[in-house]
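**Q** Protein chains in written order, with this note's numbering: chain H, 155 to 500; chain Y, 155 to 500; chain A, 155 to 500; chain U, 155 to 500.
A portion of the hints provided could be inaccurate.
The list cannot tell twin chains apart, which means a pair is met if one copy fits it or any two copies do.
In the PhoX-like style, the derived pairs of lysine-lysine whose C-alpha atoms are separated by at most 25 Å in a straight line are [as the list claims (entries may be wrong)]:
| # | residue 1 | residue 2 |
| --- | --- | --- |
| 1 | Lys446 | Lys376 |
| 2 | Lys376 | Lys340 |
| 3 | Lys340 | Lys373 |
| 4 | Lys183 | Lys376 |
| 5 | Lys446 | Lys340 |
| 6 | Lys497 | Lys446 |
| 7 | Lys159 | Lys484 |
| 8 | Lys373 | Lys484 |
Keep in mind the hints are simulated off the structure, nothing from the lab.
Spelled out, the chains give:
There are 4 protein chains.
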Amino acid sequence: MHGQKRIRDYGINIGELPIGPFNAITDVKGVKVGHCTLDSGDMKTGVTAVIPHTGNTFLEKLPAAVYVINGFGKSVGTMQVAELGTIETPLILTNTFGVGTGVNALTRYMLDNNEDIGIDTGTVNPLVFECNDSYLNNIRGMYVQEEHVRSALAASGTDFLEGGVGAGTGMSCYKLKGGIGSSSRKLEMDSSTFTLGMLVLTNMGRLNDLTVAGRQIGKEIKYSRYSGEEEADKGSIIIFIATDLPLSSRQLGRIARRAECGIARTGNNISTGSGEIVMAFSTAQNILHYEKREIIEQRMLNEEMIDPVFQAVAECAEEAVLNSMITADKCSGWAGHERESLKRYL
Amino acid sequence: MHGQKRIRDYGINIGELPIGPFNAITDVKGVKVGHCTLDSGDMKTGVTAVIPHTGNTFLEKLPAAVYVINGFGKSVGTMQVAELGTIETPLILTNTFGVGTGVNALTRYMLDNNEDIGIDTGTVNPLVFECNDSYLNNIRGMYVQEEHVRSALAASGTDFLEGGVGAGTGMSCYKLKGGIGSSSRKLEMDSSTFTLGMLVLTNMGRLNDLTVAGRQIGKEIKYSRYSGEEEADKGSIIIFIATDLPLSSRQLGRIARRAECGIARTGNNISTGSGEIVMAFSTAQNILHYEKREIIEQRMLNEEMIDPVFQAVAECAEEAVLNSMITADKCSGWAGHERESLKRYL
Amino acid sequence: MHGQKRIRDYGINIGELPIGPFNAITDVKGVKVGHCTLDSGDMKTGVTAVIPHTGNTFLEKLPAAVYVINGFGKSVGTMQVAELGTIETPLILTNTFGVGTGVNALTRYMLDNNEDIGIDTGTVNPLVFECNDSYLNNIRGMYVQEEHVRSALAASGTDFLEGGVGAGTGMSCYKLKGGIGSSSRKLEMDSSTFTLGMLVLTNMGRLNDLTVAGRQIGKEIKYSRYSGEEEADKGSIIIFIATDLPLSSRQLGRIARRAECGIARTGNNISTGSGEIVMAFSTAQNILHYEKREIIEQRMLNEEMIDPVFQAVAECAEEAVLNSMITADKCSGWAGHERESLKRYL
Amino acid sequence: MHGQKRIRDYGINIGELPIGPFNAITDVKGVKVGHCTLDSGDMKTGVTAVIPHTGNTFLEKLPAAVYVINGFGKSVGTMQVAELGTIETPLILTNTFGVGTGVNALTRYMLDNNEDIGIDTGTVNPLVFECNDSYLNNIRGMYVQEEHVRSALAASGTDFLEGGVGAGTGMSCYKLKGGIGSSSRKLEMDSSTFTLGMLVLTNMGRLNDLTVAGRQIGKEIKYSRYSGEEEADKGSIIIFIATDLPLSSRQLGRIARRAECGIARTGNNISTGSGEIVMAFSTAQNILHYEKREIIEQRMLNEEMIDPVFQAVAECAEEAVLNSMITADKCSGWAGHERESLKRYL
């Protein structure tokens with residue numbers, strides 16, 4: 155965004171459902187995104203933070219679910235989400251070796267904002283997700299510091315950049331430049347308009363497989379205009395889904411699983427080396443940390459009405475992947491490695 | 155097959171890997187398929203049997219895995235496969251209300267062939283899978299009898315019909331006629347040629363979403379040439395994967411999960427009402443029921459080499475779905491319901 | 155019950171929570187249990203039906219969850235419960251080879267009571283669970299007929315027999331006689347009294363391991379008073395949990411998992427051959443089949459308050475297993491096989 | 155060990171299988187354990203490292219499995235073990251807020267020992283497990299530094315201390331002092347003697363529930379000799395299983411699940427707040443990181459012979475929990491909190 159040219163600006167419209175004002179995860183009210191970009195020499199990495207709502211996430215948790223498409227990844231915090239069906243911190247994206255620092259920084263951020271944690275109440279479950287940017291970034295440098303995480307959290311807003319920024323700085327997608335992408339869909343239900351938004355960090359795929367709206371453009375690029383050598387797919391993708399629809403954690407788990415439909419349509423077959431994780435949360439209602447009532451009430455979607463939400467997820471996933479590529483500039487990084495931009499070929 | 159015109163005969167080639175001689179699950183040596191078709195008046199149903207190898211499957215079990223894409227289904231026997239990683243019977247496909255009879259018939263078939271079951275040894279785990287053919291078939295008639303299951307088992311061979319036959323008789327796919335489809339891929343590994351084959355029973359999808367090799371033909375049909383009304387997707391798909399590659403049950407579970415990539419490329423987003431189940435097995439080696447050794451050896455693929463197998467699964471799934479449609483004739487069934495053939499539109 | 159002497163009548167009290175009036179699953183209002191016992195010559199088997207509530211279970215579904223402790227079993231219907239978190243039929247218990255007939259009978263029972271199934275609406279998910287009674291019963295006889303399932307459903311009530319009745323007729327537990335057992339606990343929450351009840355079908359364990367309230371009585375019996383030879387544990391246990399507490403399906407899944415704590419205290423280590431399945435449901439609220447609202451409300455327990463429910467489950471499981479044994483008489487069955495009653499030794 | 159008085163020294167023998175020379179996880183050849191204890195003022199915490207074999211674990215991975223009994227925990231690295239069935243680093247235990255530092259330290263340790271990681275090959279999956287020691291330790295101090303992890307790794311050996319040492323320094327168990335415990339069993343199979351060993355970090359349970367070899371000693375202590383107030387169970391337990399038996403990752407997952415049987419016999423019902431994680435690995439054979447063969451062979455146990463391994467796991471779990479308590483001295487920690495030793499009461 156910020157005026158970036160996105161896939162729709164090329165006349166390529168994915169799916170049929172209407173999009174939100176930003177066509178981004180921040181169309182879900184209260185969701186904010188911030189980056190800290192580390193781009194200098196062989197340092198091509200960074201941090202992206204997604205703040206799920208405007209309140210204190212620890213005190214006012216959100217129903218959530220995680221779905222692991224392929225588990226060759228080092229993302230942290232998913233076990234507790236699977237057990238309890240809630241999130242209680244912002245979501246941090248970074249590179250694989252930034253995870254430990256991400257956990258430390260997010261823990262300290264939560265301690266700073268919650269004096270009761272570890273004293274009057276239990277601990278906190280930091281959520282840190284990663285892809286391996288070691289093709290463009292000197293990942294052994296372990297460049298991500300706690301201040302970068304705080305900086306990404308502090309920079310969060312509703313109009314954010316996509317492509318090679320934040321955690322996306324050193325990421326590759328279909329052997330072109332990837333990174334951060336987003337999209338959203340509006341859903342008319344219960345006489346109201348709800349929004350589903352998605353943010354992805356893309357780092358997967360073989361050029362050969364890249365498909366844009368049904369066109370196998372990867373093969374075209376590979377055989378006619380691309381100088382590089384085909385490489386194995388070693389990459390990953392992280393997918394965050396936010397919605398203001400009241401969905402239970404079980405329902406969020408069901409919608410999370412449909413992200414794969416959209417990703418598959420961009421050409422990928424989920425390589426063995428992929429850490430492919432979907433995290434979905436609903437902002438429609440809170441689970442209070444200090445809930446005093448013994449019985450609570452939760453709204454949820456009539457399950458028979460859930461198919462349009464599945465469609466929204468699949469559409470967003472396909473479009474967000476393409477947005478992560480088309481907004482990314484060509485990048486020259488560590489060890490002389492380069493990734494061209496999809497812009498050159500579309 | 156049997157000279158049926160399939161999707162490749164229309165010049166539509168899915169994927170890049172080479173196909174086997176039949177381009178069907180029966181390209182995996184030892185695998186046989188048989189149908190019993192019940193097609194008369196409002197009875198539009200049947201049974202399809204897949205025999206996984208030529209030996210006694212109870213005594214010589216096969217490594218296997220099941221993967222549930224969406225669990226709104228009544229298929230039987232998956233729990234034990236998940237626990238033990240083996241299959242010990244043929245696989246039966248039928249309609250939803252034929253499952254109980256399928257279990258009884260397959261149990262009696264196994265008892266007839268194994269006098270020790272229930273006496274000197276334990277019981278047996280029948281595998282029966284289903285889709286709901288109630289649009290074209292009067293499913294409340296519960297027409298499937300045990301003799302139909304035996305008949306399908308007895309009729310099994312390597313050259314089998316696809317489309318509206320056997321369990322596929324009354325099935326719909328993308329609101330056109332669906333049913334049985336198959337495909338295969340050859341893989342060069344370890345200085346040998348291995349085969350991966352697939353058989354699907356298709357009964358899912360909205361016409362609007364049908365995509366053939368990237369072309370959104372469903373929308374074309376819907377807006378220009380189709381007289382029916384759009385219906386919600388209530389359907390299911392069952393996917394069987396066979397291979398002579400030595401894969402562990404864990405690896406079979408991983409390849410099973412890639413079927414969704416191919417299915418998604420035909421347009422589907424996995425509707426809430428779908429019983430979408432993948433069953434994968436390897437014929438490369440047996441697990442003996444009366445194994446005397448305390449420690450056994452099993453061959454398995456070097457996991458780093460598994461990506462081409464994933465690709466084979468995705469390609470087969472996309473092609474098998476299309477084969478299930480293009481081989482199926484228009485069908486008029488119960489309550490005046492009709493399904494056109496994809497042949498009319500392609 | 156019906157005046158049967160149960161484990162508390164021997165002065166053995168499991169746990170600390172108060173019990174309900176029947177100390178049985180039928181203490182949960184609306185839950186009924188019925189048996190059909192087939193006990194003649196080498197036919198030692200039967201059917202037990204659990205009716206979850208007094209309404210039409212298909213139209214008024216209940217939140218539910220299934221948890222598989224060990225999956226070497228042939229129980230049917232669990233996949234859909236895992237996906238949708240609801241049950242829509244009674245629960246049937248029978249022997250392993252009675253499952254197909256159980257499915258057919260329960261399907262026909264549901265069709266008879268719901269004219270819309272398969273016509274105006276989808277199908278139905280029959281729930282049939284089993285253990286292998288082939289030690290005392292000639293299981294190859296496949297004696298269970300559809301009328302026996304209907305008979306068990308028709309016989310259902312709140313005061314039911316335990317031990318070697320219904321599906322428990324031919325079951326063994328710790329190499330003594332097992333079968334049907336039940337127990338319940340009362341929970342004070344939200345200024346109300348709630349009930350959690352359990353019914354088990356026991357068919358597992360080695361005599362050596364039997365432990366009653368901490369006392370390793372199995373070893374005592376084995377070394378001093380038992381004439382039989384030690385046999386491997388090949389058995390299973392099915393556990394049904396009912397409660398009128400408002401629990402979400404996710405919460406029901408969590409409580410289901412605690413049944414193992416109670417079972418373990420009777421001595422068992424979950425043998426490889428065990429089909430050990432827990433099914434939990436809540437009667438506190440319905441999920442309507444023809445729900446018209448797009449957003450619904452569901453009550454659920456404040457998750458921080460769930461530990462006493464876990465305790466209730468563990469206590470019920472330990473006591474229900476013991477009740478299944480102490481109420482069972484010695485049984486002589488097929489092939490001259492015998493099982494002594496725990497009554498003889500306690 | 156080191157001459158510590160353990161539960162068997164009190165005449166309490168758990169189970170029937172023979173124990174190894176140390177009766178500890180280090181009876182499995184190649185497994186070593188090291189501690190770094192931080193015990194000063196309100197700092198009551200530390201690190202325990204388990205080194206799974208004597209080779210380079212990254213280059214020579216081990217078959218492994220993880221099983222989550224209850225997921226209210228922040229342990230790291232389990233997702234990849236679940237996907238690939240291998241471990242490639244030592245296992246680190248520490249407190250909940252030490253996890254980020256544990257990840258960083260273990261990552262650097264692996265980078266130091268493997269120059270190819272992040273350059274010629276992919277990344278590495280650090281395994282860090284935790285319990286919350288905030289009752290005795292000022293957990294907000296985040297005292298664990300990377301040097302403490304390196305120190306624990308460097309200190310590893312076969313004769314190690316149990317109780318309030320290393321990661322166990324500030325842990326509580328059944329409201330008494332807990333910490334590190336271990337046990338082992340020998341298994342005769344295939345004309346050889348195999349060993350299964352376990353190490354636990356205990357931090358769970360209500361005093362009321364503590365049961366020692368069937369005796370409900372917790373109630374005795376509580377009502378007659380204990381001055382403290384009953385507290386809710388907020389705790390966790392981490393369980394590591396090592397064996398030199400050739401088990402596949404699927405089989406390791408099955409044995410991991412039996413740990414709960416032994417834990418339950420010490421009285422616990424798995425509280426909602428528990429991070430209760432089992433990690434099992436086999437040292438019998440390696441999975442090579444740079445495997446060149448396309449098809450490999452793996453030995454595995456004949457599944458029909460697995461019940462004694464289940465028994466070994468259950469016995470070890472019960473005994474290791476008791477060892478973690480009986481070897482721990484009374485501890486006075488942060489905020490004046492105290493935990494008595496079980497030694498005082500047994």
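**Q** For every hint, state whether the structure bears it out.
**A** Cross-check of the supplied hints:
1. Lys446 / Lys376: Result: close neither inside a copy nor across copies, 61 Å intra and 28 Å inter.
2. Lys376 / Lys340: between (36 Å within a copy, 24 Å between copies)
3. Lys340 / Lys373: between (33 Å within a copy, 21 Å between copies)
4. Lys183 / Lys376: Neither. Shortest intra-copy (41 Å) and inter-copy (36 Å) distances fail the 25 Å Cα cut-off.
5. Lys446 / Lys340: between (35 Å within a copy, 21 Å between copies)
6. Lys497 / Lys446: neither (54 Å within a copy, 38 Å between copies)
7. Lys159 / Lys484: within (15 Å within a copy, 46 Å between copies)
8. Lys373 / Lys484: within (19 Å within a copy, 36 Å between copies)
In terms of the numbered hints stated before, the structure departs from hints 1, 4 and 6, listed from lowest to highest.
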